[in-house]
Structures are given as C-alpha cells and as structure tokens.
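Colleague: Listed in order, the protein sequences are those of chains A, B and C. Just so it is clear: in the first sequence, position 250 is 251 by this note's numbering, and no numbers are missing. Just so it is clear: in the second sequence, position 226 is 1472 by this note's numbering, and no numbers are missing. Just so it is clear: in the third sequence, position 209 is 303 by this note's numbering, and no numbers are missing.
Don't take each hint at face value.
Some chain A residues near chain B, calculated using beta-carbon distances under 10 Å [claimed, not checked]:
#1 Y30
#2 L108
#3 R307
Coverage of chain B stretches by chain C, computed from C-beta distances (three or more under 8 Å per stretch; other residues unrestricted) [as the list claims (entries may be wrong)]:
#4 1292-1299
#5 1385-1397
#6 1483-1489
#7 1493-1505
Each computed SDA-like pair below joins lysine to any residue, with the alpha-carbon atoms no more than 25 Å apart [unchecked claim]:
#8 A:K230 to A:G54
#9 A:K123 to B:E1437
#10 A:K88 to B:L1373
#11 B:K1431 to A:F17
#12 B:K1431 to A:P110
#13 A:K123 to B:G1330
#14 A:K88 to B:V1447
#15 A:K96 to A:S193
#16 A:K112 to B:M1383
#17 B:K1448 to A:V199
#18 B:K1448 to A:I228
#19 A:K123 to B:P1434
#20 B:K1448 to A:K230
#21 A:K179 to A:Y76
#22 B:K1313 to B:G1330
#23 A:K113 to B:L1373
#24 A:K113 to B:K1431
#25 A:K113 to B:I1430
#26 A:K248 to A:V199
#27 A:K113 to B:P1434
#28 B:K1431 to A:K230
#29 A:K113 to B:G1330
#30 A:K96 to B:G1330
Note that these hints are calculated values from the structure, not bench results. C-beta atoms are modelled at their ideal positions from N, C-alpha and C, and glycine is treated no differently.
Okay, here's what each chain looks like letter by letter:
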Amino acid sequence: MRTYPLLRVENVKKYFPIGRALFGRSKQYVKAVDDVYFSLDVGGSLGIVGESGSGKTTLAKLVLRLLEPTSGKVYLDNIDLISLSNKEIRRLRPKMQMIFQDPMASLNPRKKIRDIIGQVFKIHTDMSDVEIRERVIDLLEKVGLTPPELFLDRYPHELSGGQRQRVCIARAIALNPKLLIADEPVSALDVSVRGQIVKLLLDIFEKYKNEIAYIVISHDIALIKSICKDALVMYLGKVVERGEVGKIIEEPLHPYSQMLISSIPVPDPEIARNRKRIPIGGEIPSLINPPKGCYFHPRCPYVMDRCREKMPPLIDVDNRLVSCYLYSE
Amino acid sequence: MKMNNQGAAYTYHLKNVGLQLVYKTSKVFRLNPRFTVGFIIVLVVIILALVAPFITWYPPLKTLVGKPFTPPVALQPFGVDDLGRDIYTNVLYGIRTSLIVGVSSVTISLAIGILIGVIAGYYSGLLEDVLMRITDMALIIPQFLLALVIVAIFGQNFQNIIIAIGIVSWPGIARIMRAEFLSIKERPFVEAAKAVGLTDVKIIFEEILPNAIPAIIPYAVLQVNTAILVEAGLGFLGIADPNVPSLGLMLNTAQQYLVRAWFMAFFPGLVLSIIVIGLNLLGDGLIEYLNPRLRKR
Amino acid sequence: MSPLMFFIIRRLIQYVPMILVVIIVTFLLVRLAPGDPTYILVGEVADESFVKAMREKLGLDRPLYDQFIIYISNVFRGDLGYSYLRSESVAKLIVERIPATLLLVLTAMFISALVGIIVGTIAAARRGAVDLTLSTLSIIGISIPYFWLGQIILIVFAVWLGIFPLGGMVSVGYEYQGLQYFLDVLYHLTLPAMTLAIFNIAFTTKITRGSVLEALTQDYIVTARAKGIPESRVVFRHALRNALIPVVTYTGFNTGVLLVGAILTETVFAWPGMGSLLYDSIRLRDYPVVLGIFNYGSIIVILANLIVDVLYGIIDPRIRLR
C-alpha cells in the first residue's frame, strides 16, 4: 500500500526573465507560477481554476517537467522529477500524460492517426507493428471512434474537433498513465460536442479509478465541478483557495473565488435574481509588476491595510486553505 | 454480411479519395496561371534537355561543321559560330549543363543549409547565436564574386563550378529553415511529442522537418534559378569548363563578334532567358500557392 | 549619447567583422588551393627574380601566422599586391576604375528608382489589365540575364540602328573638354545604364507595387478618400509616402546585386570600370587583380549595406530604439 501521495508539488516557482539586456541579466521577471504546493493521491481529481494568465497551464507543464521550474520540487510516485536526466524522464513520460488545449494544433498535421498514436508504442515498447495496430484499434474504440479501421489512415484535418480531441485522449491513455492532466479539454470545441467529451473523460476516470489521478485545468468552474472532487483556485501564479469543489462553489471564501462563482450563470431565475452579485472589478494587473502584498488587493472589496503590505499565507479554514487575511483570526 | 458492407464502404472511400486527389491537384493549376505557365515552360525545357541527342545532328563542341559565322540556315537553325560549331546543338546541350549545375549545386546548398538551419532553429542559446551571425555575414558577401574567386583559384572544371556555387548559396536556405523551425517549434503538437517522450533527434526529423519542408521548396526552385544565372555569368566572364557546352560561355565568345554575328549572342541568351523566366514563374507561383493555403488551414 | 549614435555604433560593430571575414576568406582560399600559392598571388609570371622577390615580401616561406600578419598589415595599408602584367600596383589599378563603376551604378540606381516607383505605384493604383501587363513585364524583366540583354541592346541600338556608340566611355580620338566632355560621357553612358537599370526597374516595380497595395488597404487611406481628396493625390501623397520605406530598404540592400550586375554590364559595353578590369584580368590570368577586385568589391558592397542600414535607421525611428 502506498504511504505517500502519487503526486507532490512543493514550492514550485517559475519565473521567466524578460527583456534582453546587453550582458545577460534581466532585471524583470514574469512570475508565472509563484510558490505553489499541493499533493494528489491515486484516484484523486483536482481541478485548477483561474482566468487566463493565472499560470494554470505553466503549472501543468512544470508538473510534467515540460518546463524547468526556477525552484521547487515535483515528486511523482516519490521520484524527484526535477533531478532526473533527460533520458530517465523520457522513460517515465508514458506515466504522466497531458491533453492539450487545442486538439488541432496538438496533432502533427502530416501524420496519420495510426502513426500519431502508434508512435507512443514504438518509442516505449518493443511491440511489433501488428501488435501496435491492434492496440491502436483497441484505443480508438475505447475513446468512441468507431469503426476504428476507418480512422487509422486519416489525417487530423480530416476529422472533426471532437474526434481530434478523442485522438488526443487515446494518445494520452495509451500506456496507462498514472497522472493525467487535461488542459482546457473542451474549450476549443463546439458547445454541442463538449458534453460528449466530458462524458468520455468521466467514463475513463471512472474505469481507471484505482490507478490514476487526474488534474483538469479550466477557467470554467462549472466544468470542474462536474469532473473533479477538489479544486485549486489560482490568481496571478498563486494559489488563493483550495478545497472541495462543491464547498467552494457553495461558499467561496476568498474574495476572488467569490467573484468567479458569482459569474456562473444559474438556470433558476429566482436564485439568479436573489443571489449576491459581486461584479468583477478592474482588470488583471500585469504579471511583471504584481501589486505589493496580496496580489488581489486592488480589486478586493474587503481590502484592509494589512493586505497592501504582505502576502497572506495559506490559512486552514475547515479543511480548506485560503490565502486571505479575512480568515486569519 | 457485415464484413462485406464494410469492405464495400472502404473501397468506395478509396475511389473517392483517388478522384479527390486528381481534383485537388488540377485545382492548383487552374487557380494559379503563373504557376501553370512556369510549370509548362520548365517542363518543356527539361524535355528538350533530355532529348537533346535525338533532335540534334552534330556532336556538341565539334568544330568546323559549317563555315564560321554562317547566319541561321536550314541545317544550322541557329547559325554557326567563330570556330564553326553549330549553335543550335550547343544551345541544347547547354540547357543540360545549366540544369545539371542548377540542381546539383542546390542539392549541396540544401544539405549544408538545412543542417545549419535546423541546428540554429532548434537549439537556442550560444550555438544558435554564433551560427546565425555566421549566416548573416555570409549573406552579405557577394555570392557571385566569391564563386568566381573560388573557381578561378581552384581550377575551372565542371565539378568545381558546381561545388563553388553550392557553397556560396547555403546561407539563404539556412535562414529560411531556421525561421520555419523557430515558428514550428512553438506549436502544440511538438510539445505533445515531447510529452509522449520523443527524443530531440526524432522530434526534429519526424515532427518538425516534414512540416518545414513545404516552405523551402519554392525557395529551392528560385535557388536553382540563381545557380543557373551564376553559372551563366561565370561563363560569360570566361570562367567555365571549356569541355562542357555552356550557355554563358557561348555568350562570352559572342561578345567579341557582336557586330558580325548577332545570332551568336541572340539564341543562347534567349534560351537562357526562357529557362530563367520559367523557373521564376514556377517559384513565384509556388510561394503564392503555399501562402493562402497555410492561412486557410 | 543619443540613441542614434548608439545605433550607428552598434551597426558599425556588426559590420566591421564582415570586412575582416572577407579578408580572412581571401587569405585562406589562396592558401588552400592546390599548387603553389605564389603563382596565384603573383600571377603567372616568368621572371624568376620577380617571383622570388615577391615571395620574400609576402613571406610565403614563413609559417602561416606570419603570413597572415603581413597580409593584414598590407591590406590595411592599401597594398593589395602588384600586377606584373600591367606593371602597376593592384590597388592603383582598381581605384582608378572605381569612379567609372560608381557613375554607372548610381545612374542606374537613380533611373530605376524613379521609373520603378512611378510604374509600381500606377500598377498598384489601377488593378486589372494594366496591372497584369506590368506584373508580367516585371517578372520578365527580373529574369532576363542582363549581360545578354546588354548584348542585344548593343546590337540593336548601336550596330543596327547606329544611334549609340559601340562602347567605351569617351569617343576615341576626340579630346573633349568641359560640357562637351560631359555630354560625350552621357552619350556613352546611356546604353549601359539603361541595361543595368532594366533589371532594377522590374525589381523596384514589383516591390513598390506590393508595398503600395498594402498601404492602400490601410484605414487612413479610406479616411482620405472620405474627405474627398482626389484619387491621384491619395495615392501619390498619402499612400506612397508610407510605402516608400520598404522600397528604399530593398533597393538599398540590393546594391550588392547591382554592383555585380555592373561588373557584367561593363564587360558588354567596354565601359572602363571595375567590371571590365575584372574581365580583362581573368582573360590575362592576372590573378592578383582578380583577388583585389574580390576584396575591394566585397568591401564596397558591405559598406553600401552599412550606409543603407544607417540611413534606414535615420529615416525610420522605430529601428533605432530596438
């Protein structure tokens, strides 16, 4: 039995230097991800919510080590991913996969579907071409692309958006990953197709419940609610709230979460009229010069003096973590 | 029963694909008049070069097949030059020379240029910087003069000319390759390939390169053009292999007898111009074809 | 230090190494060649004592490093070697010829810029049949090898029609002075300049057309039209001004090509510039001169590029700030 969590992210930071000073050192950084930590168990499902620019995608890439963190550690199955060599990381790759945002752009337009998926097997196993073909067909069926033979020799531009995303999903689960990250899995798709893909994802997660942990990234908190159990709310590269999704939606603690939740359209007009409306004020400040103290204070309706001075730490409130001085007593 | 239906459906799909391919290809010609004209011209030129031995009746470079300085006549439709050689024959064989030089030298520059462009494009950092500086510098040095000096020093033979032209032409290709690589490198499917676990080398060759090649093709065509012009220019100045029929060299000889024998200059140059025009149209047409298509995708 | 100065200095730093590269390349090439580099540097000369003297002077007996130092110091002193065949220093021979070449190149550039811009603008302004014809003509114009074109022009206008002289820069046998001299040169300049210009006209037309077309789609043009300004003014005053920038850049950086073109054109018309010097030297196997022309020619091209680059920075302030 495992005594440690499947995924542990500790104090990860990613700063991008900007500008090209003549002699190397830049004075300014884009703090894309600033001191994030969380952990995930097998069977766990975490949603990462935030507006664009909040650092969610960067975080995902850091977890998979597609980007090198400026500092911090990532442990998958207790293995320190950062310290591995390129070769070792490559061998681990099938265990941690990602489904990207734009299904069209994440498939090589010049490769047939069979090669795109088959590639995974070619690299990491010694399977023969015949065996690979069978596995690919098997995967295509699993993601709902039937009859699979018809799709083998097609090119990405010959498929619809939904079909392409299914291919991406097939590619990701090909070698039974332990960690699956889905970055805005349905944003690029037509609204009518989204439901199908969400259902597909849910089926897959249900089926592999005992082997896999997954992270879903989205700006759409309603989507996260339907797929994930826990959620992380990010703002300008920092985690501002963490806890169970349902609870966050019902009773958002952090002022930013409150803003996000109140913007979700609610079908019942009674409730919609009566609920507390917190208009989203201001714009996201620049990532280069974030505000001093709590990043959110310029837009916060409850701002206090403290907030302008120092960034509030993550405080435990009822099994939830919030980074806000409102709860520090 | 089910199997049969599937089989029939698949075959129908195939037939459709075949027809679709024909339709799509003919569309290229219909929508792009310049490309079509260029293509036809180049095709005709290539055919002429191939059948040269069959449509000429004198061996090339053979002297005194007719009285020197004879203007165009039935047996010598382009006239006879100062040494009694049949101009028509030599022009046709000259086409061969031009084409061979063009294609061979471009192959050399493609080999060098793609290699350097790929490395500079994929690996950022000091290496890329150095390579790019070298490439930019190499671009400004007048290529024609450099080729001239190389051939003059190393000997005026056919191989040297091809090698020299190939060597001076690589910077342009390297630059385009690098630009393509830089832009393709950022596309998500490359990242996805990394996520799947491909090695760098495989990513370069299997993912990025096939997508970068279409950008190079029109440039390569235009480069063939430049190579042919450089060879002709060198020949015009007298730098050529005397044992190989060359349109440029013919113009060189013609220069001395412009007053007496206009046909010595007219025909070789005319044919040369046609080749160049054809290649230009072809290359330009390709560039235009590839651009909107990329946008449509 | 103003950003302009900073920019100029930056550019200088970029270009100086290129000149060095040219020099180094020449040096290496000569030594890499098969056979005794002496004959290349000295020329195929029969006089043994002369050869021996040159060997010593250039240090060809000494190790490579020494040779290189000697070579560099020579180049910077302006000594490119000595042409035995013509009993003159190479540098002097070349420098004598530069003014003639410059005259040809600048005239051609001027004509082609003028004509090209006007024609290109017209082509852009009136789409349709006019545009198509002009486009096709310009493609043909770019493609035709100018040396051949020169020959044909020479044949037609000088041999058959007899309007223009057969070549050279001045009429032989006459000793014109002042205005007559000027006109005589002009008379001889016409054909070669036209030949050289045609290629550039086609090129400039193509660029101008594209550039003006793009400028015409901009919003400020629509505004101008809405104000009721007559179409010709819209095109020439408003669109052209902004469209000129890329045209100037391209033309400027094309100087290198023009120079090479000049070399070839001079040969056809026996115009006494660097080009015909090159042609004669190749024929006579006077290698020191050939190498010298390569060196000087490349340096001139690099300098031309540098000047254009700096001018571009002056005209377009955005570039300075990068």
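Colleague: Could you work out which earlier hints the structure fails to respect and list their numbers in ascending sequence?
Modeller: 1, 3, 4, 13, 15, 16, 17, 18, 20, 23, 28, 29, 30
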